[in-house]
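Produce the entire structure from the sequences given, and follow the hints as far as they go.
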Amino acid sequence: MPGSDDESGTSGGGSGTEQGDDLGEDETGSSDGADEGTDDGEPSSCLNEPSVAEAPLRRFTRRQYANAVRDLMGIAADTQGLDDDEKAGPFDANVTAPVSGVTVEQYRALAEAVGLEAMAKVEDLVACDPAEATCADSFIVDFGRRAYRRPLTAEQSARYLALMDDADTFEDGVRMVVTAMLQSPNFLYVVETSLPDPGSDNIAVLDGYELASRLSLFLWNSIPDPELLDAARDGALDTPEGLRDEALRLLTDTRARDAVASFHTQWLGVDELEHTTKSTELFPEWSVSMRAAMENEMKHFAQAVVLQGDGKLETLLSADFSYIEDPLFELYGVDKPSGHTVGDPVAMDPTQRAGLLTHAGFLAAHAHPDQSGPIQRGVAVRTNLLCTPPPPPPPDVDAIPPSPDPMATTREIFEQHTADPACAGCHVLIDGIGLGFEGYDAIGAYRATENGPPVDQTGAVVGSDVDGEFDGAVELANMLATSEDVRSCVARQWFRYAFGRIEDPQGDACSLEVLDAAFAESDYNVRELMVALVQTDAFRYRYAN
Amino acid sequence: MTLRFNPRFSRRRLLQTMGVSAAAAPFIPLLQSAKGGAEPAPKRFITFFTPHGTIKENWTPTGSVSDFELSPILTPLQAVKDRVVVVEGLDVIVDPDSPLGGPHTTGPAYLFTGSPMMPGSEFQHQNSGGPHGWGSSISIDQAVANQIGQDTAFKSLELGVQTGGAHPGSRISYAGPGQPLAPESNPAAVFAQLFGEAGADAMTKAKRKAERLSVVDIVKDELDSLHGKVNQADRLKIEAHLTGIGQIENWLNAEYDCEEFEIGEVPPPNNTAEAETLVKQQIDILVESMACGITNVGSLMIRRGENDNQPYPFLGDDQLHHATTHAANNDTEARAWMTTVYTWYAEMLAYLAVRLDGIEDPEGGTMLDNTIILWGTEIAQGNNHSWSDMPFVMVGGGGGTVRTERYHQFNGESHCQLLVSCCNAMGLNIDEFGGFDDGSGPLAGILV
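Residue numbers (our numbering), protein chains in the order written: chain A, 1 to 545; chain B, 1 to 448.
Just so you know, the hints here were simulated from the structure itself, not pulled from any lab data.
There may be inaccurate statements among the hints.
Unchecked claim - Within a straight-line C-alpha distance of at most 27 angstroms, the following computed DSS-like cross-link-like pairs (lysine-lysine) qualify:
#	chain 1	residue 1	chain 2	residue 2
1	A	K299	A	K312
2	A	K299	A	K336
3	B	K229	B	K207
4	B	K205	B	K229
5	A	K121	B	K207
6	B	K205	A	K121
7	A	K121	B	K209
8	B	K220	B	K209
9	B	K56	B	K280
As the structure is a prediction and not an experimental result, all values here were calculated from the model.
The following block contains the structure:
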């Protein structure tokens with residue numbers, strides 16, 4: 001790997017073949033010891049050959065479909081009618097279940113609707129003069145390359161040209177081509193078919209176009225732009241450095257906001273707020289606009305920190321500022337600064353709020369309709385931040401949340417878990433964290449008292465590298481913000497988001513090792529983590545069988 | 001909504017159209033059998049799902065096998081009681097060695113597949129059970145559709161109302177192992193495809209059809225060419241997409257010609273206050289489709305198994321269903337409210353049954369006489385999450401195969417036996433259905 005020591009913070013992620021030797025030296029100086037398997041004598045997972053686990057065929061998420069249509073034609077496709085996406089971990093990804101007939105029909109109906117819209121704006125979509133004989137062909141070649149994310153084959157072009165030839169008018173022909181291409185598997189799926197070299201153990205190098213799609217889907221949640229496709233054509237993506245350069249370019253584009261927003265809202269379950277109901281009796285202020293404002297807060301905050309700010313995980317988890325809009329000023333008890341406009345940072349009460357885990361959206365998404373949710377919040381932190389999901393309770397347990405009791409605090413009601421020795425083993429892991437969030441009600445508003453007495457917000461983290469007692473979610477957030485376990489987990493979550501699959505502890509070991517090292521080297525800068533990710537084996541290769 | 005449909009007329013028109021259509025090859029057998037004259041009416045099969053069990057004491061009929069009174073929850077079925085079969089006392093007998101998730105999550109798959117979940121890490125319930133994948137086997141509606149759905153424009157229709165996302169708790173139909181079938185939750189979308197273009201002139205129709213078939217050809221060819229290039233494990237995805245495209249092709253080639261009907265204004269599919277309107281619209285579409293011969297098999301999923309925490313404001317209260325089901329046995333207020341919800345489910349079932357009963361089959365009997373609707377839910381009761389003593393109801397004569405107006409009290413037999421009985425009624429000569437089946441065959445007393 002060329003010159004890793006003078007390539008700022010992004011050098012940790014490099015090609016797998018040379019990584020193993022570099023890592024030890026690069027990381028020895030890192031104070032945190034994230035680099036297991038290097039200076040302490042454990043062997044590196046990175047061998048001489050690249051290694052990667054099998055990646056399932058991905059079908060566009062609804063959001064990717066909409067973004068792709070937007071970037072292809074400037075048309076807002078109504079994807080509400082498409083079936084919901086599956087998830088890989090907490091992230092939207094259609095990788096497991098095959099498509100349903102109903103969804104294929106939804107694709108047809110939507111493609112026809114978009115085709116009609118395209119017909120109405122042909123002059124925006126076609127660069128040439130339709131009167132020219134070659135115009136249909138050049139439209140197909142250009143549009144097809146962007147929709148399929150690689151040049152059409154001669155056979156594919158000929159079929160689309162035949163469609164246009166059969167049409168009554170040029171505009172009608174454009175409609176037909178758009179309608180057909182949007183139903184093509186080459187549009188709807190992330191097609192990767194590069195073959196391994198003979199005798200190379202099923203590991204195939206992705207070609208430039210496949211890498212371009214991976215880049216844009218990861219960093220834009222959309223299709224490549226022509227510049228990225230040109231880079232693919234010119235072989236610029238065939239080296240880790242080339243991938244890094246394009247990643248850096250993509251991250252400066254406004255489209256990168258979508259990826260950062262989607263990651264954080266899905267990671268922390270805020271995308272599920274849409275399906276969350278709250279008791280109208282207890283929370284009359286709960287509304288669609290409040291829900292949307294919560295989602296927007298997390299999006300704005302994450303974008304601002306990761307893309308414009310210092311990029312630090314620590315900032316994400318402990319910031320005393322946020323980006324809020326009405327009606328959240330009231331919910332947070334923060335006065336709206338005079339002259340405030342949406343998008344301005346707002347200082348939060350540092351005794352009540354610290355970063356993502358104290359966002360009302362996270363707290364509301366992990367709560368019951370009528371009471372807080374110590375179990376949900378504890379499980380969410382363990383699962384999504386520590387990557388140590390607690391084991392499920394034994395099958396004979398009645399896992400029904402107790403009803404709220406006006407005479408008791410939530411803590412008192414839930415303490416049964418840790419009192420019963422049969423439950424305590426796991427619930428000490430969950431409740432110790434979850435009860436620390438008792439300062440926030442079912443919609444994430446701060447509360448100093450519950451049913452009379454002051455809220456007891458104390459808790460304890462157990463089974464992590466930052467074990468210890470704390471008083472309230474602000475202290476908890478600050479503990480987690482510097483936890484090695486959290487850093488390692490966040491790296492894995494980004495891996496899952498980037499690939500739409502869960503990492504394989506064996507097949508992806510080298511990529512994860514490289515990623516951990518790069519994250520450490522950048523002092524846990526999420527932006528640098530994203531750039532490092534695109535240079536891993538897992539990104540550059542595929543397992544073919 | 002006014003019903004202006006004449007099934008005799010339309011069935012004949014369907015056949016005539018097909019007789020002159022060169023593209024109607026798959027439908028020739030139906031045409032020939034109709035010419036034979038003495039063929040029985042087509043059999044039809046519908047699975048009907050509602051969430052979170054029932055309130056047992058208000059569900060259980062009183063009386064004996066053939067002389068019984070419907071319970072408060074089942075009272076809406078009084079109008080078709082002579083075609084009702086109440087099946088009490090069956091258990092979903094789960095293989096304890098199979099991956100066990102949350103009961104609301106896995107119950108919808110267990111219900112109509114009679115089979116365990118696939119191993120996997122995709123779904124992990126927050127409160128209970130280990131991780132698992134999708135259901136591991138074909139559901140009864142699809143098995144039946146493979147038998148009686150081959151000659152129709154649609155082998156089956158999967159419809160739903162507010163069923164939730166891509167999750168086992170939100171799916172009741174499976175084409176095969178790990179192949180859940182999403183229901184269409186927007187009546188406007190189904191209506192647009194099935195009936196929405198009926199008014200267009202012949203030239204427009206012909207042009208649209210030709211255009212769409214040319215797209216189908218391209219998509220099929222591209223899928224075919226990808227099939228050999230993707231990894232082994234992904235070929236099933238390509239095949240499923242080909243199946244979906246094949247369904248569109250069948251639809252385009254069927255050239256059915258149904259009487260127009262009004263669906264009315266379709267509310268936003270996620271508007272909980274409009275759930276009843278949406279359910280009735282989906283039922284209307286299913287009934288009209290069956291009457292016109294577009295399909296013989298349907299599944300209707302009302303809301304979701306995994307946490308139906310949605311209100312039923314049209315029933316006069318904003319309580320959240322799932323939360324309320326956890327109320328204790330002695331919480332009479334909550335149980336009264338849930339009884340209201342479960343009675344509404346029966347009302348929706350009755351709406352479907354009565355609609356089917358209002359249409360004569362030209363070959364004899366009403367459509368309800370020739371149909372089996374199988375009503376099930378993912379757990380027995382919301383506050384015990386048990387699979388013992390599941391509340392099942394069948395409605396319809398199954399084409400003379402079902403002993404109707406019966407109240408059966410079983411004692412822990414597997415619900416797979418009921419699935420076997422339904423399959424037998426629909427002409428599938430099997431004596432086991434699903435991975436949980438212990439080979440006991442059909443239930444005694446259900447079929448003639």
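Next on the checklist: Holds or violated: K299 (chain A) and K312 (chain A), Cα atoms, limit 27 angstroms.
Outcome noted: 16 angstroms, holds
Next on the checklist: Run the distance test for K229 (chain B) versus K207 (chain B): straight-line Cα separation, threshold 27 angstroms.
Outcome noted: 34 angstroms, violated
Next on the checklist: K205 (chain B) and K121 (chain A) were given as a pair; does the straight-line alpha-carbon distance stay at or below 27 angstroms?
Outcome noted: The given pair, whose Cα atoms are some 25 angstroms apart, holds under the 27 angstroms limit.
Next on the checklist: Hinted pair, alpha-carbon criterion (27 angstroms max): K56 (chain B), K280 (chain B). Please report holds or violated.
Outcome noted: The hint holds at about 26 angstroms.
Checklist entry - Regarding the pair K220 (chain B) and K209 (chain B), is the alpha-carbon distance no greater than 27 angstroms? => result 16 angstroms, holds
Checklist entry - Regarding the pair K205 (chain B) and K229 (chain B), is the alpha-carbon distance no greater than 27 angstroms? => result Violated, at about 36 angstroms.
Next on the checklist: Need the status of pair K121 (chain A), K207 (chain B): alpha-carbon distance at most 27 angstroms?
Outcome noted: 22 angstroms, holds
Checklist entry - Given the hinted pair K121 (chain A) and K209 (chain B), is their alpha-carbon gap at most 27 angstroms? => result 24 angstroms, holds
Checklist entry - Holds or violated: are the alpha carbons of K299 (chain A) and K336 (chain A) at most 27 angstroms from each other? => result Distance ~19 angstroms between K299 (chain A) and K336 (chain A) Cα, so the pair holds.
In the structure shown, a violation is registered for the earlier hints numbered 3 and 4, in ascending order.
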